[in-house]
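Visitor: Sequence:
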Amino acid sequence: MGAEKRKWNTRVDDYLNRKAAERGHVIAMARMGSTALERGDVDEAEGWFRKAAEGGDRVSMGNLARLLRERGVPEQAERWYREAATAGDSHAMAQLGNLCARRGDRDAAEDWWRRAAVEGRVEAMAELGRSLHRRGELEEAERWATEASEAGNFEAMITLGALLCGTGRTAEAEPWWREASAGTDAPSLVKLGLEAERRDDLTRAESCYHAAAAAGAPEAAVRLGLVLHRRGELEEAERWYLKAAKRGDAAAMTNLGVLANDRNDPGEATAWYRKAAELGSVPAYTNLGRLAADHGNFQEAEHWFRAAADTGDQAGQRDLEELYRNSGVRHRPRS
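Heads up: the sequence shown begins at 1377 in my numbering, then just goes up one per residue.
Read the hints as simulated data drawn from the structure, not as lab findings. Please read these numbers as outputs of a predicted model, since none were measured by experiment. Possibly wrong hints are sitting among the right ones.
For lysine to aspartate or glutamate, the following EDC-like pairs were computed, each having C-alpha atoms within a straight-line distance of at most 20 Å [to be verified]: (1) K1619 <-> E1595; (2) K1622 <-> E1644; (3) K1395 <-> E1422; (4) K1622 <-> E1612.
Computed spacing ranges between beta-carbons, pair by pair [to be verified]: (5) H1671 <-> R1478: 46 to 56 Å; (6) V1449 <-> S1410: 12 to 22 Å; (7) L1655 <-> R1447: 48 to 58 Å; (8) D1419 <-> D1686: 57 to 67 Å; (9) G1643 <-> D1686: 23 to 33 Å; (10) G1592 <-> R1394: 51 to 61 Å; (11) E1611 <-> D1686: 15 to 25 Å; (12) G1608 <-> R1455: 43 to 53 Å.
Positions of the beta carbon are idealized from the N, C-alpha and C atoms, including for glycine.
With the hints as extra help, turn the sequences into a complete structure.
Guide: Written out as structure tokens, the structure is:
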């Protein structure tokens, strides 16, 4: 009987709320939008949120903006986020900053993130810290990244780690990398690092890989070594390659060979390349072939180039063809 009474009361409440919404009551419209969204009727929810937003309800403005953004109309979404942000909604301020950043207006994005950050929005602090770090505004970047990190935002921890490492405070960065590794999974951190590398943001990539390494991702050590290698920090690169090589990573072994070859130690280079080749590293095949060709061992060079070419490797095929023309050889790290 009690359950039936509650159902009856709910139906009455829904009826009265709809009547109030139809008469133009803004709060009732907002409730109708939320109810429609809960049952999965996005079109009806959008209609009620729009009416409530036009009536001045800032929560509905933000909800409408989110639906419009998800529907793929960012210009309309931005309009309503702006309305809500101007009315003082800090979540809308943060989202408006994100939209401005996506269309390339970094100054506007930072302005809205800063307003949201002042209102206590942790996600805005993290975005602001990251943006300021990329622009070289290190003091303010550190302030916001620290505040967001202390609030538990792992993206901010990555930024703070990059900033501290980049200013020679690696020991201070390490606890934040460990904290970030506890807050998310290692594959996600590696993915973030790869995305940063694609943007040529090596400092952030390094921070992501440090955190991923702290989380135990075996591929993070070799990726970290590659970032350091690209930056010319060869001793640190070698240290991380060695960590990965001890776990049996063929790419790390190949790159240790590259470092040895670059410092004119062909014996050590050959030893690392052979270890990697035993694990099936195609770049190691080609680098062994190039070393052999450098020393006039054309039969051995042909063996390794052919081994690479037989895997379908185009570089191996080119090197094999070049061998007969006795061209120069090169050694390259594996990416």
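Visitor: Against the range 12 to 22 Å, how does the distance between the Cβ atoms of V1449 and S1410 compare: consistent or not?
Guide: Check passed, 21 Å falls within 12 to 22 Å.
Visitor: At the C-beta level, are G1643 and D1686 separated by a distance inside 23 to 33 Å?
Guide: holds (27 Å)
Visitor: Is 48 to 58 Å right for how far apart the beta carbons of L1655 and R1447 are?
Guide: holds (49 Å)
Visitor: Hint says 43 to 53 Å; check whether the CB-CB distance for G1608 and R1455 agrees.
Guide: The hinted range 43 to 53 Å holds for G1608 and R1455, with Cβ atoms some 48 Å apart.
Visitor: Given the hint of 46 to 56 Å, check if H1671 and R1478 actually sit that far apart at their C-beta atoms.
Guide: Since H1671 and R1478 have Cβ atoms about 54 Å apart, the given range 46 to 56 Å holds.
Visitor: Would the pair K1622 and E1644 pass a check requiring their Cα atoms to be no farther apart than 20 Å?
Guide: holds (16 Å)
Visitor: Honestly, do E1611 and D1686 meet the 15 to 25 Å range at C-beta?
Guide: violated (36 Å)
Visitor: Does E1422 sit within 20 Å of K1395, going by the straight-line distance between their CA atoms?
Guide: holds (18 Å)
Visitor: Is the hinted range of 51 to 61 Å satisfied by the C-beta distance from G1592 to R1394?
Guide: Holds: the Cβ-Cβ distance is about 54 Å, inside 51 to 61 Å.
Visitor: Given a hinted range of 57 to 67 Å, is it respected by the beta-carbon distance of D1419 and D1686?
Guide: holds (58 Å)
Visitor: Holds or violated: are the alpha carbons of K1622 and E1612 at most 20 Å from each other?
Guide: holds (16 Å)
Visitor: For the pair supplied as a hint, K1619 and E1595, confirm whether the alpha-carbon distance does not exceed 20 Å.
Guide: Distance ~10 Å between K1619 and E1595 Cα, so the pair holds.
Hint check: a violation occurs at hint 11 only; the rest are consistent with the structure.
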